[in-house]
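One-letter residues, chain by chain:
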Amino acid sequence: MYTTSCGMKDFRLFDISDFVMDEDFIRWVYENRKEDNDFWNNWLAKHPQKNMAVAEARRILESIEMDQKTISKTEVDGQVQRLLQTITEQEHSNYPVAQIHTIRSSRKWWYAAASVVVFATAITFFYFLSNRGAKASEFAYIKQVSSRHLIENVNTSEKAITVKLPDGSTVELAANSRISYANDFDSSSTRDVYLSGEAFFNVTKNPSRPFRVYANEIVSKVVGTSFSVRSFEQDTVIQVTVRTGKVSVYSQMKAKNNDNSFKHGEIMVMPNQQLLYQKEDESFQKVLLKDPIMTEPMAAVGDRGNEDVPITTVFKNLSEAYEINIVFDAELLKHCTINAPGIKNESFYEKLDLICKAIGARYEIIDGQIIIQSNGCQPN
Amino acid sequence: MGRCRILDDLTELTIYLTAVKEYSLQNEATWMQRLQQNDEEALASLMRLYYASLYNYASRFTQDDGLIKDCIQEVFISFWQRRETASTILSPKFYLLRATKNKVLKSLHKKSQQAMSDSLQEEYPFFYEFSIERIIIEKQISEANAIRLRKTLSLLSKRQKEIIYLKYYQYLDNGQIAELMSISRQSVYNLLHDTIQKLKDLWHGEFITR
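Chains as they are written, first to last, in the numbering used here: chain U, 1 to 380; chain V, 381 to 590.
The following block holds chain V by itself, in its conformation from the complex (with noise of 0.2 Å):
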């Protein structure tokens, strides 16, 4: 029972970010134009449209889901009120979801009481919690093989869990994953090429027996 519930999500999931891609690309600058004209249902569609997206990203840093929504409210709410500017944000998505993450790690930093410092955009926690269902039932491998692989995969460094979450959850783009983490393109190639590797030896042999 379980099973099929995790396949129905990943279902889910796939129609979900093959319309959000669609859409995005056809409906992101007539929304942008329409928001300009005082639209509150082009903020809605916005919000719909983006909501799991953003919803997913801010619970890598926190799993206050209190927070997390009243942060997501937040950054909609400073959307609205600079909508006369709106014209000059390229992508919505990456505008929110760079929105979201200050906010969060903002919100984050306030509850604990700690003085605003530089070490915010380092010292974030990035919750990761890979999912073997699915390959333990599509690739028939052995739940004990598929634990091993959840087990060293948890060990890659939160830079690299980060930057594996924006491109292949969020599907941006190499410019954009440089800009929300604060570090060049080039550091994004290089730190992708690293972890991508350590993926390919992870999986050289050891676990997958056809």
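Isolated chain U (complex conformation) (with noise of 0.2 Å):
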């Protein structure tokens, strides 16, 4: 496509507007390939008379930049994995659904909760309609299974067993649980498996195949992770304990409304934190757990370990090695520091607490982060 000295194009006769118009003048100018510029430079030499129009039909492509949001990989993932769910729930809503739609007529929300359910998991499906007082009859139940072709385990001993996936994922089960999924992972652009009762997960990381787990109302998804899911029938909250990496969680019946809108929200949690769905009020809650562990060893503040340093380094530092998020106005901050080179072997809260009472401040816990509340230090 790109002509160079011979070919139709014949730049000698170009004027400022030809130049800005041609796309392979605008390539040189916005993109700066090298072989791009061999040939420009090249040319201009031999047609020193085209300076300046070049110059003219450079400086107007270069004005009319452009000020645009830029988009973060994460975020284009993030959009990418909700195209997937989606496109995965509408062909298995194929699956035959009618016998869901006489359980119950006033909420229309329902129907579409239930025709995520039913492909979703044949267990899920029979628990989540037992705990509404539905009557899913075993025939359903078996029938779902088989269709799906599910390998199913069932801890009934007193002591939780592990589980090996096929992805070589493991499963710690706990007592009185079930898990189910499929005997094989290639033939689905998903690790979909489905749980009742508790479960710590190891999940092995492969970023093309998103790890779902489907605990009655709530999923969630990872690439490559270790969390824990806990739902039991009888529950009235499920949680979601996150130990390293990250899990997005998202509620089935929020996943797809009435108007197609995919208005759902995904919500992050990260480590050392947990998340809990009230099953009565459908609401999810964010909370830190008790005795938070460090991700990577925190990094030291100061060389020699005893002198003043910034607080907000400190905060800085603390946020990293729990993968905690620190809140704090560092404006407001800037004065203050502290000398303490003991922080080491402390637990988070303790480091916190250490921490702020050196400076005055006070802290709140506010879905799963830390707030900082202080009224800054006087500059020394």
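Hints in this document: simulated from the structure, not taken from any laboratory.
Keep in mind the model is a prediction, meaning the values are calculated, not measured.
Take the hints with a grain of salt, since some may be wrong.
[What the hints assert, rightly or not] Taking lysine-lysine pairs in the DSS-like style, the calculated list, with each CA pair at most 30 Å apart, reads: (1) V:Lys-449 x U:Lys-221; (2) V:Lys-473 x U:Lys-73; (3) V:Lys-473 x U:Lys-34.
[What the hints assert, rightly or not] Covered stretches of chain U, as calculated for chain V (at least 3 residues, CB under 8 Å): (4) 21-33; (5) 49-62; (6) 71-84.
For each residue, glycine too, the CB sits at the ideal point set by N, CA and C.
Join the two chains, each given in its own frame, into one complex according to the hints.
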């Protein structure tokens, strides 16, 4: 497509506007590729009378640069996940759902939710309906399981058992819990398991095949991480606790609403956080674990270990070590320093107490984050 | 600090644009094939590749982030549902841009509770903020001159801004621009030419002294 010296285009005849509209010229200005640079520098050396026109054309192109929002890779990945999920749900919703439609008629979202659940999981299907006092026949349950070719592990013992999944991920299945999953995960774009009860998951990394845990009303989705889910049928709260990595959780109820506008929120659960889902009012609440563990050693503050260091650095290091968000006003705290070489072996909350005491600050835990409240410090 | 960020963004944009061009030439054909074989990952790749472009284009018509995201989702879902006929699509990027524009304009229209009318294609907004930071930095013109420049640039009509956008940001050819803007190829050329003429006059002598 690109013609150099002897192509169809004769740049000698070009005026400023022609250059500005020429795609090869545009690419040179905007992309700054080596081959284009070579060509144009060479060409200009041969046709010096065109220097002015080229310079002006360049300026015009540069002047129409535009403000734009950059979109992070994470954001795009999130949208891709959302798309794949919708598509999977739509395709599975071709499964028979007729019997569901008679269960309840007063609330419209129920239809959407029910059709999601019926494809999603045989087990959840069964418990879900029995939770709501509906009559789901044992036959329908068996039918759903067999149509999806799931393997089921049931732990009837008193102790947790370890289940190895086809992708190498391991599951510590608690007593009285059961889990179902496909024979192999290769035929699907996701790794889906269905849980009733409690389990701790250690998921092998595979960014192209997200791992999803269906636990009654909620779905937890990860790429590779360790976390636990507790969802017994009699529980009023479903818990998702994250040890490492990030887990995204959404409610199947909200995953699809009537007008198809996809307004469901995915909630990101970070290490040391626990997400509680209240079945009663279908609400999520994020809390911090009672004893957070460090995901990496805390970076040392100060070189000699006995000097005043900015409090903001200490918060930053603490936040990174535990992957817990600490929110503070950096401007307000800029004169605050601390001399605390000893901060090392205390628990997270002990460390936090020490630091806050030193600068006369308080903290609150809101939505799984630490919010620092302080009046600031006087400059020395 | 602010300036460094802008430069980073620009570098990112350039890398991205280069990637788009190369990828699209090599892989568009294979993706269309894979789509027809029900490969969801092919759809995911297309979305990853074009998401920024589509989002950016959609944000010319509305600043409603939620609406834009929903529209793009819907565009890809109907793209997936029509994958059997995907082979008739010559350029997925163009197809997706057009679908996104239509979807966004329709949603905006619905939102404003008006009946559908022919004015839809003409009476839409087109947001386009010229970024002057780059010329301030690279050409070292004074901030006052740059602000004056931006002011003049912003006097371009909506149509002129849109045509510049489609040509210089989305790299569309005149035929595709004509279809997207519902005007003839000749009008595209004329409009483009007039716009550039305006920019040229603007630059002459006044803003840059070397």
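Verification of the supplied hints:
1. For the suggested pair Lys-449 (chain V) and Lys-221 (chain U), the alpha carbons sit about 20 Å apart, so the restraint of at most 30 Å is met.
2. Proximity of Lys-473 (chain V) to Lys-73 (chain U) is assessed by CA-CA distance (about 19 Å); at most 30 Å being required, the pair is judged to hold.
3. At roughly 26 Å between alpha-carbon atoms, Lys-473 (chain V) and Lys-34 (chain U) fall within 30 Å of each other, so this suggested pair holds.
4. Only residues whose C-beta sits within less than 8 Å of a C-beta in chain V count toward coverage, and the stretch 21-33 of chain U has 7 of them, enough to reach three; the restraint holds.
5. Counting residues of the stretch 49-62 of chain U whose CB falls under 8 Å from any CB of chain V gives 5; the rule of at least 3 is met.
6. Counting residues of the stretch 71-84 of chain U whose CB falls under 8 Å from any CB of chain V gives 8; the rule of at least 3 is met.
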